[in-house]
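Chemist: With the sequences and hints as input, model every part of the structure.
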Amino acid sequence: MIIERRRDRIGATATALHGANCNYEGAHVARPQRLSHEKILRYWVEVRELATGSVRTLPLTAVRLVCLKRGKKNEPPLPERELLQLKDDAETWEAETFDELRTRLRDKYPDAAFERTLHYVRDREAEERRERALNGLISILATRVVDDLIAVESRSSTQ
Numbered sequence: 001m002i003i004e005r006r007r008d009r010i011g012a013t014a015t016a017l018h019g020a021n022c023n024y025e026g027a028h029v030a031r032p033q034r035l036s037h038e039k040i041l042r043y044w045v046e047v048r049e050l051a052t053g054s055v056r057t058l059p060l061t062a063v064r065l066v067c068l069k070r071g072k073k074n075e076p077p078l079p080e081r082e083l084l085q086l087k088d089d090a091e092t093w094e095a096e097t098f099d100e101l102r103t104r105l106r107d108k109y110p111d112a113a114f115e116r117t118l119h120y121v122r123d124r125e126a127e128e129r130r131e132r133a134l135n136g137l138i139s140i141l142a143t144r145v146v147d148d149l150i151a152v153e154s155r156s157s158t159q
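The sequence shown: position 123 = 123 (the working numbering), numbered continuously.
Honestly, the hints are just simulated from the structure, not real lab data.
Beta carbons are placed, not taken as given, at the ideal position from N, Cα and C, and that holds for glycine.
Honestly, I wouldn't trust all of these hints.
[To be verified] Listed next, with one range per pair, are the computed distances between beta-carbon atoms: (1) R106 <-> E82: 16 to 24 angstroms; (2) P76 <-> A151: 33 to 41 angstroms; (3) V63 <-> L134: 33 to 41 angstroms.
Modeler: Next up, the structure:
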């Protein structure tokens with residue numbers, strides 16, 4: 001829920017929830033809307049040993065590397081990089097493409113002895129965590145902006 005603090009004509013502050021279309025004691029209450037419609041997927045690779053039938057699950061994540069350090073004034077920023085990270089026991093492999101990852105998996109787990117399968121499932125818990133984080137951030141920002149506007153209005157009205 002997004003909370004907005006408003007100042008009415010006589011100077012009182014009202015708290016409202018954005019998203020529903022009703023009026024409750026002077027505050028506009030709105031139905032919550034999702035901020036992000038992106039689906040979050042969780043990926044993993046299953047490696048099945050053909051001789052014994054044992055299965056290992058290797059978690060796979062995508063990572064975007066962003067360089068925050070700035071060089072000299074006229075230097076362009078370093079480009080962002082996207083990597084795939086696969087955890088295999090204590091090792092973490094990094095690859096830039098699925099083809100590179102497939103080649104490394106094939107080298108470690110050859111076709112003759114292993115079957116490798118990529119799996120994914122929608123991660124609703126991660127979607128909910130992202131939604132809560134975004135709502136919290138927006139609430140903080142909106143409160144700060146409204147408080148600043150109220151302060152500016154009160155300074156200009158007293159002058």
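Chemist: With reference to the structure, classify each hint as holding or not holding.
Modeler: Quick rundown of the hints versus the structure:
no., hint, verdict
1, R106 <-> E82: 16 to 24 angstroms, "holds, 22 angstroms"
2, P76 <-> A151: 33 to 41 angstroms, "holds, 39 angstroms"
3, V63 <-> L134: 33 to 41 angstroms, "violated, 20 angstroms"
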